[in-house]
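The numbering used here numbers the first residue of the sequence shown as 1 and each following residue consecutively.
Just so you know, these hints were derived from the structure itself, not from any lab. Just so you know, not all the hints are guaranteed correct.
Said to hold, decoys possible - Below, a list of computed lysine-lysine pairs in the DSS-like style, where the Cα atoms sit at most 25 angstroms apart:
1) LYS311 x LYS197
2) LYS176 x LYS68
3) LYS176 x LYS64
4) LYS197 x LYS257
As the list claims (entries may be wrong) - Quick list of the computed label-pair ranges, beta carbon to beta carbon:
5) VAL158 x ALA349: 55 to 65 angstroms
6) LEU57 x PRO2: 24 to 34 angstroms
7) ALA273 x SER66: 39 to 49 angstroms
8) ASP315 x SER153: 40 to 50 angstroms
9) ARG261 x LEU373: 14 to 24 angstroms
10) ALA384 x ASP234: 15 to 25 angstroms
11) PRO179 x VAL269: 37 to 47 angstroms
12) ALA369 x ALA262: 14 to 24 angstroms
13) LEU283 x VAL372: 24 to 34 angstroms
Given the structure is predicted, the values throughout are model-derived calculations rather than measurements. Idealized CB from N, CA, C, for every residue including glycine.
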Amino acid sequence: MPLALLALATGAFGIGTTEFVIMGLLPEVADDFGVSIPTAGHLVTGYALGVMFGAPLMTVLGTKISRKRMLMLLMGLFVVGNLLSALAPSFGLMLTGRVVASLAHGAFFGIGSVVAADLVAPDKRAGAISLMFTGLTVANVVGVPLGTLVGQSLGWRVTFGIVAALGVVGLLGVAKLVPDMPKPEGVRLRHELAALKNVQVLLAMAMTVLGFGGVFAAITYVAPMMTHVAGFVDGSVTWLLVLFGLGMVGGNLVGGKYADRALMPMLYVSLGALAVVLALFTLTAHNKIAAAVTIALVGALGFATVPPLQKRVLDHAHGAPTLASALNIGAFNLGNALSAWLGGLVIAAGLGYTAPNWVGAVLAAAALALAVLSAGLERRERAAGTPSAGTVTAERPTVATH
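Start from the sequences, fold in the hints, and give me the full structure.
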């Protein structure tokens, strides 16, 4: 495997760390700026909305310049955003920094996966893309817990400063190790948009919003939930996030393994189990051991939905996967934003720190209902012998999951 993949993985590690580390530092950020926990939760919502809008926008802009230069530009945005967050004198400026950093997220993974695939022989493309995305999964096992520990010990600003430094390393790595590649030719926005007429594509994106939103409804407020309800000390949030990260890695591997074998049954099981576990979290949150096990299960079940949902989008948008793939990454983050906002509302309403778990359970159950609806419509289309509206036919390139 070429060393250029290490540069891409480093960038993915930094992006994954900055996306998730804020959840373990919400109490510290809220205290520093004198805002409530629900208000601090806007830092999660703002980042997620930035990814949602930035992923397709930056992906389209990326067709105008070479992929290497676009990756360098994206890492530059990432560094500036995290530096602004680290130095922000006010909550509003920190939120601005989060949004600036988020603009790099979706397009980096979308363009980076194409670059990774082009760096190796055709029979090694999946492994190359997987290696790049290892940076994201490792971030949730190592980067996020360590960032939380540093933030709680030395201050949250130090954490974001370190993340900005990681971005600089990633930028230099891309500049030094990634070879020059010509800008993509023949990309037509009209062709890419045609895939969005497909009902199955839209349903899959809606499942992404609701299903992954269920995860973030609980995890966004996991720090105050574990310290105020379960009785953990602040430092315990670090290893609890390690459990969540390990669950993510395991769930992603299982979801990827079975998505090709039985995609819809995999979605039924993972979404149904996620809804049940999130509902039970309102009870298990009162016991330390049960809460720790539940956090790992939420990570595993939530990320078990990622490969099948991404694959379903690509299956039905196979003629124009670039924009659809970027939009689905945005859909994950729309779910994050929606659930973080709803979770903040129920906490602000005085329903307690476990109330977001009910929000998550409802969102996951709604995603399961859409999965059943989608499968039913697909059976009707097959029986009628007609393809879904908006389907376009072309060779489908390899695209990695979120």
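Verification of the hints:
1. LYS311 x LYS197: holds (17 angstroms)
2. LYS176 x LYS68: holds (10 angstroms)
3. LYS176 x LYS64: This hinted pair holds, its Cα atoms lying about 22 angstroms apart.
4. LYS197 x LYS257: Outside the cut-off at roughly 29 angstroms; violated.
5. VAL158 x ALA349: 55 to 65 angstroms: For VAL158 and ALA349 the Cβ distance comes to about 34 angstroms; the hint is violated.
6. LEU57 x PRO2: 24 to 34 angstroms: For LEU57 and PRO2 the Cβ distance comes to about 29 angstroms; the hint holds.
7. ALA273 x SER66: 39 to 49 angstroms: Roughly 44 angstroms apart at Cβ, these two residues keep to the hinted range, so it holds.
8. ASP315 x SER153: 40 to 50 angstroms: holds (46 angstroms)
9. ARG261 x LEU373: 14 to 24 angstroms: Given about 22 angstroms between the Cβ atoms, the range holds.
10. ALA384 x ASP234: 15 to 25 angstroms: violated (58 angstroms)
11. PRO179 x VAL269: 37 to 47 angstroms: holds (42 angstroms)
12. ALA369 x ALA262: 14 to 24 angstroms: holds (19 angstroms)
13. LEU283 x VAL372: 24 to 34 angstroms: holds (27 angstroms)
Consistency note: the structure conflicts with the earlier hints numbered 4, 5 and 10.
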